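Visitor: Sequence:
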Amino acid sequence: MSKIDNIEIQLAKDRSSKFTGGVYNLNDVQNIIKSKISRGDSVSIDEVMVIKKLKKFPRELIEKAILDLIDDEIFDVSEGRSIQKIQGNIGRLIRR
Numbered sequence: 006m007s008k009i010d011n012i013e014i015q016l017a018k019d020r021s022s023k024f025t026g027g028v029y030n031l032n033d034v035q036n037i038i039k040s041k042i043s044r045g046d047s048v049s050i051d052e053v054m055v056i057k058k059l060k061k062f063p064r065e066l067i068e069k070a071i072l073d074l075i076d077d078e079i080f081d082v083s084e085g086r087s088i089q090k091i092q093g094n095i096g097r098l099i100r101r
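Just so you know, the sequence shown maps onto residues 6 to 101 in our numbering.
Calculated directly from the structure, the hints in this document are not laboratory data. Hints are not guaranteed to be accurate.
Said to hold, decoys possible - Simulated pairs of lysine-lysine, DSSO-like, Cα-Cα distance not exceeding 27 Å:
1. Lys39 / Lys57
2. Lys69 / Lys39
3. Lys57 / Lys90
4. Lys60 / Lys39
5. Lys69 / Lys58
Unchecked claim - Pair by pair, the computed Cβ-Cβ distance ranges are:
6. Lys41 / Lys90: 14 to 22 Å
7. Arg86 / Val28: 29 to 37 Å
8. Val28 / Arg101: 13 to 21 Å
Remember, it's a predicted structure, so these values are computed and weren't measured experimentally. Note that beta-carbon positions come from the ideal geometry of N, C-alpha and C, so glycine has one too.
Using the sequences provided together with the hints, build the complete structure.
Guide: Structure, rendered in structure tokens:
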């Protein structure tokens with residue numbers, strides 16, 4: 006195999022791995038969020054989205070994790086002053 010063939014194969018592998026993504030665990034995202042926000046603390050969605058450990062997860066998964074935590078009554082919500090909002094009106098999380 007020539008060097009060009011090897012480069013083309015490597016490029017194809019790189020491209021396919023970017024599009025397929027990884028396997029993500031909703032519980033991992035929820036645990037990261039809970040570990041970064043202490044009881045009684047209030048944070049904006051903007052602040053949650055910049056948590057370093059969450060960077061590798063898709064935004065949709067983070068939003069789903071937040072909604073599940075709200076449903077499980079781990080967080081209360083308010084509109085808040087956040088550029089990013091979930092479902093159009095959730096801008097701040099308050100840890101119970």
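Visitor: Now tell me if each hint is right for this structure.
Guide: Evaluation of the provided hints:
{"no.": "1", "hint": "Lys39 / Lys57", "result": "holds, 14 Å"}
{"no.": "2", "hint": "Lys69 / Lys39", "result": "holds, 14 Å"}
{"no.": "3", "hint": "Lys57 / Lys90", "result": "holds, 19 Å"}
{"no.": "4", "hint": "Lys60 / Lys39", "result": "holds, 16 Å"}
{"no.": "5", "hint": "Lys69 / Lys58", "result": "holds, 16 Å"}
{"no.": "6", "hint": "Lys41 / Lys90: 14 to 22 Å", "result": "holds, 19 Å"}
{"no.": "7", "hint": "Arg86 / Val28: 29 to 37 Å", "result": "holds, 35 Å"}
{"no.": "8", "hint": "Val28 / Arg101: 13 to 21 Å", "result": "violated, 30 Å"}
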